[in-house]
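Whole structure, please, built from the sequences with the hints as guidance.
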Amino acid sequence: MKEIAIVQGFENNLDSRNRKGIIWHVLFQASTIVGIIALIALMLNVIDSAFGYVAYEARMDPDSLTVDGIPVEDQSKDQLVALLQSTLSSGAYNKLDNETLFVDRSREEVFQLVVERIIRPKIVQVWKFWPSLTRSDEIRATVTREYPKAELDFVSWLTYDFVTRPQTSEPLTAGVRTAVLGSLWTILFTILLAFPLGVGAAIYLEEYASENWFNRIIQTNINNLAGVPSIVYGILGLAIFVRALERFTSGKMFGIVNLTSENGRTVLSAGLTLGLLVLPIIIINAQEAIRAVPRSLRNASFGVGATKWQTVWSHMLPNALPGILTGTILAISRAIGETAPLVVVGASTAISFDPSSPFSKFTTLPIQIYQWTSRPQEEFRSLAAASILVLLVLLLSLNASAVLLRNRFSRRF
Amino acid sequence: MALNNNFDQKYIIETRNLDIYYGSFKAVAGVNMRVERNAITAIIGPSGCGKSTLLRAFNRMNELYADTSIEGEVTFSGQDIYARDVDPVEVRYRIGMVFQKPNPFPKSIYENIAWTARIHGYKGNMDELVENSLRQAALWDEVKDKLKQSGLSLSGGQQQRLCIARALSIKPEVILMDEPASALDPIATLKIEELMQDLKQNYTIVIVTHNMQQAARASDYTAMMMLTNGESRSGTVIEFDETNIIFTRPKDKRTEDYVTGRFG
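Protein sequences appear in the order of chains E and Z. Under the numbering used here, residues 1 to 413 are what the first sequence spells out, in order. Under the numbering used here, residues 1 to 264 are what the second sequence spells out, in order.
A few of these clues could be false.
Calculated lysine-lysine pairs in the DSS-like style (CA-CA distance at most 25 Å, straight line) [claimed, not checked]:
hint: 1; chain 1: Z; residue 1: 107; chain 2: E; residue 2: 308
hint: 2; chain 1: Z; residue 1: 10; chain 2: Z; residue 2: 171
hint: 3; chain 1: Z; residue 1: 123; chain 2: E; residue 2: 308
hint: 4; chain 1: Z; residue 1: 148; chain 2: Z; residue 2: 101
hint: 5; chain 1: E; residue 1: 308; chain 2: Z; residue 2: 101
hint: 6; chain 1: E; residue 1: 95; chain 2: E; residue 2: 308
hint: 7; chain 1: E; residue 1: 308; chain 2: Z; residue 2: 171
hint: 8; chain 1: E; residue 1: 95; chain 2: E; residue 2: 128
hint: 9; chain 1: Z; residue 1: 191; chain 2: Z; residue 2: 123
hint: 10; chain 1: Z; residue 1: 191; chain 2: Z; residue 2: 144
hint: 11; chain 1: Z; residue 1: 144; chain 2: Z; residue 2: 171
hint: 12; chain 1: Z; residue 1: 144; chain 2: Z; residue 2: 101
Computed spacing ranges between beta-carbons, pair by pair [said to hold, decoys possible]:
hint: 13; chain 1: E; residue 1: 220; chain 2: Z; residue 2: 73; range: 52 to 62 Å
hint: 14; chain 1: Z; residue 1: 155; chain 2: E; residue 2: 292; range: 44 to 54 Å
hint: 15; chain 1: Z; residue 1: 47; chain 2: E; residue 2: 229; range: 18 to 28 Å
hint: 16; chain 1: Z; residue 1: 257; chain 2: E; residue 2: 30; range: 55 to 65 Å
hint: 17; chain 1: Z; residue 1: 248; chain 2: E; residue 2: 407; range: 54 to 64 Å
hint: 18; chain 1: Z; residue 1: 25; chain 2: E; residue 2: 292; range: 43 to 53 Å
hint: 19; chain 1: E; residue 1: 13; chain 2: Z; residue 2: 155; range: 42 to 52 Å
hint: 20; chain 1: E; residue 1: 32; chain 2: Z; residue 2: 47; range: 36 to 46 Å
hint: 21; chain 1: E; residue 1: 26; chain 2: Z; residue 2: 232; range: 49 to 59 Å
hint: 22; chain 1: Z; residue 1: 232; chain 2: E; residue 2: 32; range: 49 to 59 Å
Simulated from the structure, these hints should not be mistaken for laboratory data. Computed from a prediction, not measured in an experiment: that's the story for all the values here. All C-beta atoms in this analysis are idealised placements derived from N, C-alpha and C, irrespective of residue type, glycine included.
In structure tokens:
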């Protein structure tokens, strides 16, 4: 086998050529592995913070609230309301009653208020997931020694309640509902602005624009805009949507008077700013998708006497749609994780009421995470980790729905 | 201006001193040819001599390629199809085209024809039109039970006949065929050739082919194209005559070399 005749002038170097191939193969594999390791490290780090032991003390002993031998957990709603009325200042009580009438609140909600306002558990120390698993005896010993009155619980910071509760300043009762809703509202307006504009611009540039210096400049600029730092878009959004179009983004133009949002720092401004941010991404991807529609299909359509619009609408768009949606998925992923431009546009760091219209003040998940990680207390970092998991799930479910949509459209005959 | 149809004219497409440019490059130069009504005209010649470019100039498909332009004149029933007031969409409606690679729409067999008819405002009985078009393209018996299936599920030869049916559905007067059988096996090729003979009764056909036997078998007239030897290296029609003359006693030595396989 080795005795292959060597033609004069050629060198039998198959071995060295194969060796070179193997080296590159290993290098490519290594880069993939580095990526996977980074991803695993990220997930482990987040999970490590999101679960673990928590030691907390009640500021008021729940046993002291027992009435007629009924512990506070088992009391009826009326008893709990009475308890609130007697313990809180009348101002604080009336404020709660004004937010939502006590008659309309469920027993669970009232009990939650009792915990938050009267018992007020206070975290004394938190442990991460890994130490909680491996050194639980040691942790128990520490707690009994240093915080004799404290209770020790293994908690998951990510719970159903965490997702459905509004933001509060107490780590044990804080939730991300406000931020999740804020993110969803913002993304809604981002898509509403960027998808039609982006696809429209892509169709124009690919199908209608003639090849001249003006259109080349536009094309170059779109490519460059995709790389502009997001903070710059934040400043743009501040200047245009928050300031110049304030009457529009605050809802004044539509006769909506909302004292909390009259400065234009609303969901709408944020959505439009992120829309501008992802517009170039959508345009570029849609252009690629349109360009990838085979020439033969264009020929077929024009060849039977279709007009340009009939060709675009019936053939180019349906066939480019899967690619366009892929670009949109990328854009949504980018937008939902953006923090910097929203800080500039004026996302609130601490609001506890849900956004309810385009003209609401808002916060978003990344802002919430940023705010919690910048707190010195360990427990807020755990909250941030749980929020990161919520953000990842939100992102994955948005992407999954876009992928489903794409697969529906790419179902070719 | 709508193109009228003057049936008195013997020649349905005529070119006068037609030059076709890609940018500043003159790809086809000085073509004068006449396509006779209800005949099959073949365009033959070596690769890269501008056969497809010339064919596309007959229904303004070349305009879809960037930076093309023409000089000279192409007339359809005596009217200049490149005149300012002629809509290329109408030209392509009257002069249909079948391409080298079968390109049915990624829709059902039925919809391939129905869409084509609908965009031209067809309001009649669609089922009837689909059936007639498929029958004319000798495809009906093979697909009548699977009209809802994708056009892309057919074999290559069937796809090409579907494309012909699609072209026929809007009743063009001329059908341009750009190497319609080059991607098909001999049996499918034969079917296409038989089909062309049937269609000749009602349509005028211009076909570009690499296959010498096909031109000899199927066509009535043949145009021989070749690159000129000048500096520009443009393609041009060096001889245009009845097919049997081109293949038996051509006037040009280069034609003789080419059709007898002694070219080069």
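Verification of the hints:
| no. | hint | in the structure |
| --- | --- | --- |
| 1 | Z/107 - E/308 | holds (19 Å) |
| 2 | Z/10 - Z/171 | holds (19 Å) |
| 3 | Z/123 - E/308 | holds (22 Å) |
| 4 | Z/148 - Z/101 | holds (22 Å) |
| 5 | E/308 - Z/101 | holds (22 Å) |
| 6 | E/95 - E/308 | violated (63 Å) |
| 7 | E/308 - Z/171 | holds (21 Å) |
| 8 | E/95 - E/128 | violated (37 Å) |
| 9 | Z/191 - Z/123 | violated (31 Å) |
| 10 | Z/191 - Z/144 | holds (18 Å) |
| 11 | Z/144 - Z/171 | holds (21 Å) |
| 12 | Z/144 - Z/101 | holds (23 Å) |
| 13 | E/220 - Z/73: 52 to 62 Å | violated (40 Å) |
| 14 | Z/155 - E/292: 44 to 54 Å | violated (26 Å) |
| 15 | Z/47 - E/229: 18 to 28 Å | violated (52 Å) |
| 16 | Z/257 - E/30: 55 to 65 Å | holds (60 Å) |
| 17 | Z/248 - E/407: 54 to 64 Å | holds (59 Å) |
| 18 | Z/25 - E/292: 43 to 53 Å | violated (27 Å) |
| 19 | E/13 - Z/155: 42 to 52 Å | holds (45 Å) |
| 20 | E/32 - Z/47: 36 to 46 Å | holds (43 Å) |
| 21 | E/26 - Z/232: 49 to 59 Å | holds (53 Å) |
| 22 | Z/232 - E/32: 49 to 59 Å | holds (53 Å) |
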